[in-house]
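If you're matching them up, the sequences are chains A and B in order.
Counting with our numbering, you get residues 1 to 389 for the letters of the first sequence.
Counting with our numbering, you get residues 1 to 389 for the letters of the second sequence.
Please keep in mind that the hints were generated in silico from the structure rather than gathered at the bench.
Accuracy of the hints is not assured; some may be wrong.
Which copy is meant is left open, so a pair is good if it fits within one copy or across any two.
[To be verified] No more than 35 Å apart at the CA atoms, straight line, and that leaves these computed lysine-lysine pairs for DSBU-like:
#	residue 1	residue 2
1	Lys215	Lys52
2	Lys223	Lys338
3	Lys338	Lys9
4	Lys133	Lys221
5	Lys133	Lys365
6	Lys223	Lys119
7	Lys340	Lys223
8	Lys136	Lys223
9	Lys223	Lys386
10	Lys133	Lys223
11	Lys338	Lys133
12	Lys215	Lys136
Because the structure is a prediction, the values reported are computed rather than measured.
Number of protein chains: 2
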Amino acid sequence: MNYLQQTMKRVLMGPGPSDVDPRVLEALSRPTLGHLDPHFLEILDEVREQLKYVFRTTNELTLAMSGTGSAGMETCFANLVEPGDPVLVCINGVFGMRMADVAERCGAVVSRIEVEWGKVFDSEQIEQALKNKPAKVVSIVHAETSTGAGQPLEEISEIVHNHGALLLVDAVTSLGGMQLEVDAWRIDACYSGSQKCLSCPPGLSPVTFSSAAVKKMDQRKAKVQSWYLDLSMIRQYWGGERLYHHTAPVNMNYALLEALKMVSEEGLEHRWQRHVNNHQILKAGLEAIGIQFLAQPGHQLPMLNAVAVPEKVEDLAVRRQLLQEFGIEIGGGLGAFKGKAWRIGLMGASATQGNVMLFLAALEKCLAAQPYRFEKGAALAAAIAKAEN
Amino acid sequence: MNYLQQTMKRVLMGPGPSDVDPRVLEALSRPTLGHLDPHFLEILDEVREQLKYVFRTTNELTLAMSGTGSAGMETCFANLVEPGDPVLVCINGVFGMRMADVAERCGAVVSRIEVEWGKVFDSEQIEQALKNKPAKVVSIVHAETSTGAGQPLEEISEIVHNHGALLLVDAVTSLGGMQLEVDAWRIDACYSGSQKCLSCPPGLSPVTFSSAAVKKMDQRKAKVQSWYLDLSMIRQYWGGERLYHHTAPVNMNYALLEALKMVSEEGLEHRWQRHVNNHQILKAGLEAIGIQFLAQPGHQLPMLNAVAVPEKVEDLAVRRQLLQEFGIEIGGGLGAFKGKAWRIGLMGASATQGNVMLFLAALEKCLAAQPYRFEKGAALAAAIAKAEN
Numbered sequence: 001m002n003y004l005q006q007t008m009k010r011v012l013m014g015p016g017p018s019d020v021d022p023r024v025l026e027a028l029s030r031p032t033l034g035h036l037d038p039h040f041l042e043i044l045d046e047v048r049e050q051l052k053y054v055f056r057t058t059n060e061l062t063l064a065m066s067g068t069g070s071a072g073m074e075t076c077f078a079n080l081v082e083p084g085d086p087v088l089v090c091i092n093g094v095f096g097m098r099m100a101d102v103a104e105r106c107g108a109v110v111s112r113i114e115v116e117w118g119k120v121f122d123s124e125q126i127e128q129a130l131k132n133k134p135a136k137v138v139s140i141v142h143a144e145t146s147t148g149a150g151q152p153l154e155e156i157s158e159i160v161h162n163h164g165a166l167l168l169v170d171a172v173t174s175l176g177g178m179q180l181e182v183d184a185w186r187i188d189a190c191y192s193g194s195q196k197c198l199s200c201p202p203g204l205s206p207v208t209f210s211s212a213a214v215k216k217m218d219q220r221k222a223k224v225q226s227w228y229l230d231l232s233m234i235r236q237y238w239g240g241e242r243l244y245h246h247t248a249p250v251n252m253n254y255a256l257l258e259a260l261k262m263v264s265e266e267g268l269e270h271r272w273q274r275h276v277n278n279h280q281i282l283k284a285g286l287e288a289i290g291i292q293f294l295a296q297p298g299h300q301l302p303m304l305n306a307v308a309v310p311e312k313v314e315d316l317a318v319r320r321q322l323l324q325e326f327g328i329e330i331g332g333g334l335g336a337f338k339g340k341a342w343r344i345g346l347m348g349a350s351a352t353q354g355n356v357m358l359f360l361a362a363l364e365k366c367l368a369a370q371p372y373r374f375e376k377g378a379a380l381a382a383a384i385a386k387a388e389n
Numbered sequence: 001m002n003y004l005q006q007t008m009k010r011v012l013m014g015p016g017p018s019d020v021d022p023r024v025l026e027a028l029s030r031p032t033l034g035h036l037d038p039h040f041l042e043i044l045d046e047v048r049e050q051l052k053y054v055f056r057t058t059n060e061l062t063l064a065m066s067g068t069g070s071a072g073m074e075t076c077f078a079n080l081v082e083p084g085d086p087v088l089v090c091i092n093g094v095f096g097m098r099m100a101d102v103a104e105r106c107g108a109v110v111s112r113i114e115v116e117w118g119k120v121f122d123s124e125q126i127e128q129a130l131k132n133k134p135a136k137v138v139s140i141v142h143a144e145t146s147t148g149a150g151q152p153l154e155e156i157s158e159i160v161h162n163h164g165a166l167l168l169v170d171a172v173t174s175l176g177g178m179q180l181e182v183d184a185w186r187i188d189a190c191y192s193g194s195q196k197c198l199s200c201p202p203g204l205s206p207v208t209f210s211s212a213a214v215k216k217m218d219q220r221k222a223k224v225q226s227w228y229l230d231l232s233m234i235r236q237y238w239g240g241e242r243l244y245h246h247t248a249p250v251n252m253n254y255a256l257l258e259a260l261k262m263v264s265e266e267g268l269e270h271r272w273q274r275h276v277n278n279h280q281i282l283k284a285g286l287e288a289i290g291i292q293f294l295a296q297p298g299h300q301l302p303m304l305n306a307v308a309v310p311e312k313v314e315d316l317a318v319r320r321q322l323l324q325e326f327g328i329e330i331g332g333g334l335g336a337f338k339g340k341a342w343r344i345g346l347m348g349a350s351a352t353q354g355n356v357m358l359f360l361a362a363l364e365k366c367l368a369a370q371p372y373r374f375e376k377g378a379a380l381a382a383a384i385a386k387a388e389n
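Required output: the full structure, derived from the provided sequences and hints.
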């Protein structure tokens, strides 16, 4: 084991984890308390209050699940769905596909609607799908990390509720980085991850549930198939009774609380705006050297910039050089986009003008070693011009 | 939020988490790397090698699940059991009960055998149960955290395998604190937690699987019902292909590796002996003031000392005073032992002579405020005498 390797500091500009502020790392390393210690229970109460703030909700059933974002996804399906329940899953990337897989494993009868990767759904498509086949739950990804597409939710929510269904939203990549309104948009179940725009290390999954979702859970006939993710028990630990269920990841909750405090100190709207500003600077720079965004114009995510790897440019060689020479991590493509996409994250603490400029300079250097023609310096010039606006 | 509260340092002598060494807390707080970063993948490789050492196994499928010990339990059942599989669950405390619940949620047809809480199973009981009703999997708890009873496994393993079943063992509390021999005892599936005798914060669950267990998984017809815990995918991330499944809890793996290094630096056998020594000192002290152990003589765990709350002594008042005046956390009783037991942990970094002496002194002070007669100073005197042996 080489300790130098283990302590290496990267610039995390991939699809998550994002850079973690030293304040959060310091909180993570505080002495471990017992999971039933009164002081730790106060910390959990505060985690819940801070999560309500970032989710924009008053939902009492708001907490951090003891797993990563995918555990949050499974929590939502395992608790909301009973075997045989019809569920409509909207798929425009990897995480929609994952939702369908998870829902089926939970016994749902899944209907899928799909649009091309990079595109978003029109509310009429959802309306049509629900007319064709009613569903008890409609699930959709707010920010598709595999394509960089941001899905508008307000109209879809209205349609879903008009059809008597519950709306389940994947906000893994969006929470804390762009507008998400759990209450105002009537989202019934929503999950996220600690390591994206909240800039906490990976390991916890914030979730929140509306009273309608809680009602459906309360009326379950079958036990939740996952003991570990069973909210009927976990609620009694996070709630008043403080019944032991499993040993909460104590230190991870310290870190999440500190990360959430940093969000509320910055102010959620300011944080959203910071993500947009840095995305626009990055985009100006990339487009100036001919790099194309993959997501539908008007729906490109600020925190996850998915772009096409230019023809003849060697995906892996560029990403390896970025990592080795500059310590910059960006993501490659997943699924249908494997080998064809770069996913450049500007999430939470990573969404800084400094990172944008560093990345563009580093990318220009790496592209100069590739069979790719572009005007040297153009990316930075365009980015600086955009930043001065 | 009171920061002083959050940074409070306790003496963790409950059923886990145990005290975490500053070296481990420092590792936890190192800069976050990406979950596909080549350096992080090297760290995972080393976690696996170190886990093989503590599990005493050469099993290739050895890794840390991204959840707490109960997620490890569910991982074992969800992957090994297919709907309709007959499973024998041995119950002598809370965690045996939990195994039966989890197994049923995974679709197992569960048979239960039970012995009184605090007692351990005789190999003949297992033999008889398997003769009455064959099972594909037999599950049993090595160290029952709710009762302090340690279950011998060697003979049982032979019987289980003679009946063609797989042996699934809960080693949450035993791993790193007492002899556990995954290969020599032919344990097919074994799970633990990071926060007990490994003295890492809670949040990861080490698991290991024999080739027979892997073979059963490979022959599955049904998908594993939990996507998050599906080893057929997780193996491809921990193994050679490095396929993305979920974002590993990066910093928690740093901490686990550091904690495991501390185990191997101490040497596993020395560590087991340290636990026994401190248990004996504690036991001498407690018995000198009339405190009785709840587990069967000869099978009392070194790391989890479950004792009866003496008559007329107020359980909660004593535990509150220990916490408030001395910062010492011990556990109360669970389930059948609720209000009747104290569970005094001596796990990993908490298993020190200093902690034993501090605890006995503190307990004497707290008991002096209760309607309980004992010779003041006797606990410490007996402990010191034992320690001098």
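Now the hints, each set against the structure:
no.: 1; hint: Lys215 to Lys52; in the structure: within (19 Å within a copy, 45 Å between copies)
no.: 2; hint: Lys223 to Lys338; in the structure: between (38 Å within a copy, 25 Å between copies)
no.: 3; hint: Lys338 to Lys9; in the structure: within (26 Å within a copy, 48 Å between copies)
no.: 4; hint: Lys133 to Lys221; in the structure: both (23 Å within a copy, 29 Å between copies)
no.: 5; hint: Lys133 to Lys365; in the structure: neither (52 Å within a copy, 69 Å between copies)
no.: 6; hint: Lys223 to Lys119; in the structure: between (37 Å within a copy, 30 Å between copies)
no.: 7; hint: Lys340 to Lys223; in the structure: between (43 Å within a copy, 30 Å between copies)
no.: 8; hint: Lys136 to Lys223; in the structure: both (18 Å within a copy, 23 Å between copies)
no.: 9; hint: Lys223 to Lys386; in the structure: neither (55 Å within a copy, 50 Å between copies)
no.: 10; hint: Lys133 to Lys223; in the structure: both (26 Å within a copy, 26 Å between copies)
no.: 11; hint: Lys338 to Lys133; in the structure: within (33 Å within a copy, 50 Å between copies)
no.: 12; hint: Lys215 to Lys136; in the structure: within (13 Å within a copy, 38 Å between copies)
The structure fails to meet hints 5 and 9 from the earlier list, while all remaining hints are met.
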